[in-house]
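Undergrad: Residues 155 to 661 (this note's numbering) are what the sequence shown spells out, left to right.
Source of the hints: derived by calculation from the structure; they are not laboratory data.
Note that CB positions come from ideal geometry on N, CA and C, so glycine has one too.
Where hints are given, some of them may not hold.
Said to hold, decoys possible - With a Cα cut of at most 25 angstroms, we get these calculated DMTMM-like pairs of lysine to aspartate or glutamate:
#, residue 1, residue 2
1, 203, 318
2, 394, 367
3, 616, 661
4, 616, 391
5, 559, 499
6, 639, 377
7, 394, 377
Claimed, not checked - Listed next, with one range per pair, are the computed distances between beta-carbon atoms:
#, residue 1, residue 2, range
8, 466, 543, 33 to 39 angstroms
9, 659, 466, 51 to 57 angstroms
10, 368, 470, 46 to 52 angstroms
11, 252, 301, 23 to 29 angstroms
12, 379, 319, 24 to 30 angstroms
13, 165, 286, 44 to 50 angstroms
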Amino acid sequence: MRDIDRRASGEYLISSLVLMENAGLRVFELVRGLVANLASSRIVILAGKGNNGGDGLVLARHLHNAGARVDCFLLGESAALAPDAAANYAILDRMGIKISPLQNEADGMVLAMALARADIVVDAIYGTGFRGQLSEFETWIVETINKCRITTIAVDIPSGVEADTGRVHGQAIRADYTVTLALPKVGLLLAPGTDYVGQLVIGDISIPRALLEDRRYKTNLIDSTLVKKYSKPRRADSHKGTYGHVLVLGGSTGMSGAVIMTAAAALRSGAGLVTAAVPESLVPVIESSIMEVMSRPLPETSEATISLDALPAIQNLLGTVSVCAIGPGMARYTEANAILRYVLENSGVPVLIDADGLNALEDDAAILQNRQVPVVLTPHPGEMARLTGLTVDEIQHDRWGIARKYAVQWGVILVLKGHNTVIASPAGELFININGNPGMATAGSGDVLAGIITGFIAQGMKPQDAAVAGVYTHGLCGDLVASLKGQQALVAGDLIEYLPQALQNLE
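Please build the complete structure, drawing on both the sequences and the hints.
TA: Dropping the structure here:
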């Protein structure tokens with residue numbers, strides 16, 4: 155972001171003061187929308203010595219002009235302010251707006267009294283340049299703010315969160331809203347930083363579009379506008395074959411529900427035909443659960459898993475479908491790796507590998523390389539740990555980097571599930587999803603995602619586009635359910651139930 159700011163000033167002659175002014179205005183707009191009457195509101199602003207603090211000083215001016223009562227505190231000496239922040243400090247001084255020092259325990263008591271009567275507190279202490287740990291006094295300030303039951307807004311990034319990594323060493327501001335400027339910062343989307351963000355608002359500070367779209371800086375944030383570009387209206391003269399045929403390959407005793415949910419989600423997402431190929435003893439379960447799905451019995455082992463004797467039938471099926479999802483409910487057993495390898499070597503259509511299909515890849519991920527058809531992997535962090543030999547903590551601390559590295563290394567579209575799911579392409583392009591909610595952390599949620607993605611592929615979306623659109627649609631379903639039923643009671647079947655509404659919202 156610093157490089158973008160520098161180029162905006164150097165190449166486009168947009169002064170840093172203009173960018174700071176725009177930043178303060180974006181936060182002002184949020185504050186104005188949160189309170190019923192600015193003139194009767196009291197706002198506390200904590201400003202640091204850098205440009206983040208300068209944004210806060212701009213905000214103080216606009217709030218004062220709008221009639222709000224502003225309690226502005228400066229951490230440190232005014233003589234140590236960065237040049238642009240100092241310029242805005244001087245403006246406030248000329249306007250007679252009081253800026254209280256915040257340097258010691260006595261100043262802290264003044265802050266505590268201001269917070270006790272405030273409606274909103276704004277954190278403009280540290281921005282993207284912060285690294286390491288807050289000082290003891292800064293930690294006390296942050297703890298005091300976090301204990302207050304008032305709306306907290308962070309400017310660009312909550313103080314205490316590292317912008318490049320999301321790491322928090324000690325304490326950090328727990329914001330209700332974070333107004334991130336120009337582009338989302340990596341640390342806002344990575345754990346544990348993401349837990350401190352609250353609702354993320356992207357503030358336009360008039361950075362030239364050419365800079366924002368420069369591939370050196372670009373990581374794609376998925377939104378409805380992007381997803382709508384991938385969808386095409388249905389033709390009047392179409393038929394079920396127009397919208398493709400999904401093969402779901404999996405199932406075992408006790409886990410037939412995974413196949414059912416994947417198949418149902420593929421249908422609900424618009425696929426014309428869906429076939430569930432399962433161990434023969436499970437066919438009655440499939441047929442009694444979902445009438446619209448075709449079933450194909452496969453030879454099974456004594457444990458009611460798919461047998462190697464099923465390979466000829468699988469090959470025949472692969473020749474009749476548009477996309478194959480392998481792994482839902484498949485179970486972990488010896489023959490699974492050979493079946494997966496066979497599918498990868500013989501499929502002429504895109505393959506999505508999920509759940510036990512991913513477990514079958516453990517210690518054998520090299521077979522993904524040099525495939526002739528697109529492959530989509532949908533691991534959660536635990537499955538990704540088994541595939542890579544890394545720990546879950548290592549993956550969670552570098553989700554973007556890990557996803558990109560292995561998508562490129564294996565030549566796959568990698569969907570690393572979890573909070574702010576990451577989609578990485580074989581070329582190393584990243585897409586970050588920020589919808590969805592913790593209620594979706596429930597059994598079967600991943601099976602539904604596999605069905606949505608394969609359903610989109612069947613209809614003609616490119617696999618990478620389908621992964622991006624599928625993840626966003628899946629998250630949108632979760633948010634629709636949570637808004638009506640709450641997060642705690644959400645189950646995977648609810649996601650399928652609300653797929654029609656989600657898709658309608660994206661038309």
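Undergrad: Are the hints correct? Go through all of them and say.
TA: Checked hints:
Restraint check for residue 203 and residue 318: the C-alpha separation of about 20 angstroms stays at or below 25 angstroms, so the hint holds. Of the pairs offered as hints, the one joining residue 394 and residue 367 is violated, with about 39 angstroms between alpha carbons and a cut-off of 25 angstroms exceeded. Distance restraint check for residue 616 and residue 661: the Cα-Cα separation of roughly 18 angstroms lies within the 25 angstroms cut-off, and the hinted pair is therefore satisfied. Among the hinted pairs, residue 616 with residue 391 is consistent with the structure: their alpha-carbon atoms are about 22 angstroms apart, no more than 25 angstroms.
The hinted pair formed by residue 559 and residue 499 meets the criterion: a straight-line CA distance of about 23 angstroms does not exceed 25 angstroms. Restraint check for residue 639 and residue 377: satisfied, since their Cα atoms lie roughly 24 angstroms apart, inside the 25 angstroms limit. Simply put, residue 394 and residue 377 have alpha-carbon atoms about 29 angstroms apart, too far for the 25 angstroms limit, and the pair is violated. Taking the beta carbon of each, residue 466 and residue 543 are about 35 angstroms apart, inside 33 to 39 angstroms as hinted.
Our hint of 51 to 57 angstroms for residue 659 and residue 466 is violated, since their Cβ atoms are close to 43 angstroms apart. For residue 368 and residue 470, the hinted distance range of 46 to 52 angstroms is satisfied, since their beta carbons lie about 49 angstroms from each other. For residue 252 paired with residue 301, a C-beta distance near 25 angstroms keeps the hint of 23 to 29 angstroms intact. The hint said 24 to 30 angstroms for the Cβ distance between residue 379 and residue 319, and at roughly 29 angstroms that hint holds.
Judged by the Cβ atoms, the range 44 to 50 angstroms given for residue 165 and residue 286 is violated: they are separated by roughly 32 angstroms.
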